[in-house]
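J.: Sequence:
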Amino acid sequence: MINYLGLAACLLVGLAAPVAAQPTAAPSVLSLRERATLEDKLLADRLDTIVPALMREQKIDMWVLIAREYVEDPVVMTMLDAENMHARRRTILVFFDPGAGKPIERLTVSRYGLAGLFQPAWNPEAEPDQWKALGQLVAARNPKRIAINSSALSQFADGLTLSQYEGLLAALPAPYRSRLVRTDELAVGWMETRTAQEMQVYPQLLHITHAIIAEALSAKVITPGKTTANDVRWWMREKVSSLGMQVWFHPSLSIFRAGQPAALQNDEVIRPGDMLWTDFGITYLGLNSDVQQLGYVLKPGERDAPRGLRDGLAAANRVQDALTGSFRTGLTGNQILAAARAKAIAAGLTPSIYSHPIGFHGHGAGSSIGFWDNQNPDPRGERPLRPNTAWSIELNAKANVPEWNGQEIDFRQEENAFFDGRTIRYLDGRQTRFHLVGARQ
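Residues -21 to -1, 1 to 420 (mature numbering (1 follows the signal peptide of the UniProt record, and there is no 0)) are what the sequence shown spells out, left to right.
Just so you know, these hints were derived from the structure itself, not from any lab.
Misleading hints may appear alongside valid ones.
Taking lysine to any residue pairs in the SDA-like style, the calculated list, with each CA pair at most 25 Å apart, reads [unchecked claim]: (1) Lys278 <-> Gly385; (2) Lys38 <-> Leu132; (3) Lys218 <-> Gly341; (4) Lys38 <-> Ala23; (5) Lys20 <-> Ser7; (6) Lys322 <-> Arg297.
For clarity, every value in this text was computed on a predicted model and none was experimentally measured.
All chains, please: the whole structure from these sequences, using the hints.
T.: Have a look at this one:
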């Protein structure tokens, strides 16, 4: 049997470090077939480990997920195998804990099997009514607490549509309707938790992301005086497509220029002396990256970015340190935000912190740590920090640039990291020096 975790690692050996100023070789990625095998392996491990732990922690006997084709519950979408890209007509997934230390049952009340990950529990020839079959399955197992995905706070736990909720109520024998439990904990816990197997491959996704950024912010892609911001954005998107992957948002590229009060974008031509900022994220193996880094276009005779710009990047690194140094299991996102801001401000920095979980989605499930337009406590930041979660450390530090007549610039940084419950580490390092356009290749 092929070791796909090992193969994925081997394919990426030798790529440049994330802070490199030079372009890198094109990354290698797994074929679609190889990816599917690995994705299903990762999913099986998640179903075996995360679901039982969450259900028992929350004292839930049964978890019912119902999704219609193209209106899928976001949790269901992450539980489908690599060959089933959508719900089929109506897909119903049921997890049941029989207790006494027995394994969690994984059942699907639907016409189609799901790569052996769920046991089929509906024979349409014997019982044509899918809803009735679900009701019979519930009654036969007699659960005391039945979780459903319906939430006013988290979009990730709000996947049960009104029509399907009504169908579920009508299908359940009367005594079981009062046993329904609306909870965020199973859906968000499933989404936010990263497994040991996933963390073997997640750093590779960041390595690919960093490699593409390094190439984009180099003379291989940018010709000063000719290349526009849009040219770079579309080059990045085409690059991802050529690798058989996809972006989860259109790449950003902004130009910061001395004397310009606002960032320049779109069809603005890149010139020597410009600072470049990019925001870029890709999807691979069911996971997402979200990275912001900075580049500088050298003027004739320059060998590095001006000292003021380098000091601004260093200030952003110090805000990163204040934030990652504030991560503690059990603290809420709001508490982490307050602690990190206090540390940064005490150090003489001007921080803005707007970090978020990352994983199945670029803006993932879990507690927010600030918002770019709100540095105060927010209801979305009240969830406690849990171990084995991945984070987008997104923020900026404002600093004045002496070489630009004291112009204030926000130095934006975003890197992805993993919190194991005690420490947090970047998945593929972080940027500490500028990508240089015009450096010797």
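J.: Taking the hints in turn, state whether each one holds.
T.: Hints, verified against the model:
no., hint, verdict
1, Lys278 <-> Gly385, "19 Å, holds"
2, Lys38 <-> Leu132, "21 Å, holds"
3, Lys218 <-> Gly341, "19 Å, holds"
4, Lys38 <-> Ala23, "22 Å, holds"
5, Lys20 <-> Ser7, "20 Å, holds"
6, Lys322 <-> Arg297, "10 Å, holds"
Hint compliance for this structure: every hint is met.
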